[in-house]
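Quick note on this note's numbering: the sequence shown kicks off at 994 and runs consecutively.
It should be emphasised that the hints constitute simulated quantities derived from the structure, not laboratory data.
Honestly, I wouldn't trust all of these hints.
[As the list claims (entries may be wrong)] Simulated crosslink set (BS3-like; lysine-lysine; CA at most 27 Å straight-line):
no.	residue 1	residue 2
1	Lys1100	Lys1221
2	Lys1100	Lys1214
3	Lys995	Lys1016
4	Lys1221	Lys1099
5	Lys1102	Lys1214
6	Lys1213	Lys1099
7	Lys1099	Lys1016
8	Lys1277	Lys1333
9	Lys1213	Lys1399
10	Lys1333	Lys1278
11	Lys1102	Lys1221
12	Lys1213	Lys1100
Computed from a predicted structure; not experimentally measured.
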Amino acid sequence: MKMNFYRYNGYTLCSWDALPYEKIDTLPAAGEVIFLFRRPLLSGRESYPVTDAALLTERESVDTLNASAPAPAIPSELAEAVRAGRVRAVNGQHPRWQELLSPLPKKEKYRVNLLGLGDVGSTLLMGLRLLGGDVLSSIGLCDLRENVPRRWEFELNQIGLPWDYDALPPVEIISPEELFSGEVFLFCASRFVPDTAVRDGDVRMAQYELNRDLVAQYAKKARQARYKGLFCVVSDPVDPLCRAALLESNRDEAGNLDGLGLFPHQVRGFGLGVMNARAAYYAKKDPRFAGFLTDGRSFGPHGEDLVIANSVSHYDDALSRELTDLAAHANLDMRRMGFKPFVAPALSSGALSLLLCLRGAWHCSSAYLGGVFMGGRNRETPMGVEFERLPLPEELLARLRETEKKLHAIP
994 MKMNFYRYNG YTLCSWDALP YEKIDTLPAA GEVIFLFRRP LLSGRESYPV
1044 TDAALLTERE SVDTLNASAP APAIPSELAE AVRAGRVRAV NGQHPRWQEL
1094 LSPLPKKEKY RVNLLGLGDV GSTLLMGLRL LGGDVLSSIG LCDLRENVPR
1144 RWEFELNQIG LPWDYDALPP VEIISPEELF SGEVFLFCAS RFVPDTAVRD
1194 GDVRMAQYEL NRDLVAQYAK KARQARYKGL FCVVSDPVDP LCRAALLESN
1244 RDEAGNLDGL GLFPHQVRGF GLGVMNARAA YYAKKDPRFA GFLTDGRSFG
1294 PHGEDLVIAN SVSHYDDALS RELTDLAAHA NLDMRRMGFK PFVAPALSSG
1344 ALSLLLCLRG AWHCSSAYLG GVFMGGRNRE TPMGVEFERL PLPEELLARL
1394 RETEKKLHAI P
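Work the whole structure out from these sequences, hints included.
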């Protein structure tokens, strides 16, 4: 199989396929190179940075996270472009693939609009107001309950530094019609949150059916608005709701997928941050887990199919599964104390992770990978979402594949 080089409308392309564009013999020494591949709509990322020759493929799954995956032989000038960070992949089979040829816009500051001012939404909002002055221009808040938005606008705009009254992003009330007027939409709404009497079972998935219908409504609104910003899900269950939002935004009135809604890179799930933080909490308490603090990783959903690795370079499957169980069920321990577990999720998964994402820093969140939303260490780049790739031991890969399979099975 031979890699071909082309010029198209001012862009430099490479492809394993023969394309009907101007063919060139070699790549230019500077400038971006677009790897044009083909795979069915929404079966994986539609655009992403190529940081390794192994990513020059149409196949995508959790195995994409494995830096030990075999790579194809490619021309030396393309290998050099990959090493220099000049190569980006675009799915030429997407009906709007030409929109993906330009790099994603990067702003100094972002307008965030938040829907749902319950326990999680209001706590997340406090975190954004206090910590987001460097990257947020303003925050819009929306809740359909009378006086709730007024309460939080009143409270939060009275938090400030003396004599530096513009240091924190201003908060203002917005209508539902204005939710997609900014660059970031935060979905914190929920139709059902189990009370503290629920102390066992998969509490997060118990909310799925009602919250799925709700997130679908707003995904369709994003489609109607031709929204170009981030659609961020914080409500439970985070990862299945992300997938529902992506798919429903891309359905026409007859229910057919048409690719005219959100791109995969626009939808992000913020639930893994607290799972990672909980694993660190237990690792600090038990020296058996101490390796997590320097070499551990968290993967998968904010729920039962979480995967914690005690260490990537010295992976211990039994220790990792024990630490996973502690992190995944910390919410139930809080419920048994008689309290709802919302403060750490709102701040670790929500405010802190979102701000790191907007800064382009490495963080824990879920992004689209191989047809599901997979949590992992990643960052936002002008080329799309970049997942961290490490040499992963086979036992860990087997757990990731099982989680991937279960996520695919959720309707």
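Taking the numbered hints from earlier one at a time, note which ones the structure violates and give those numbers from smallest to largest.
7
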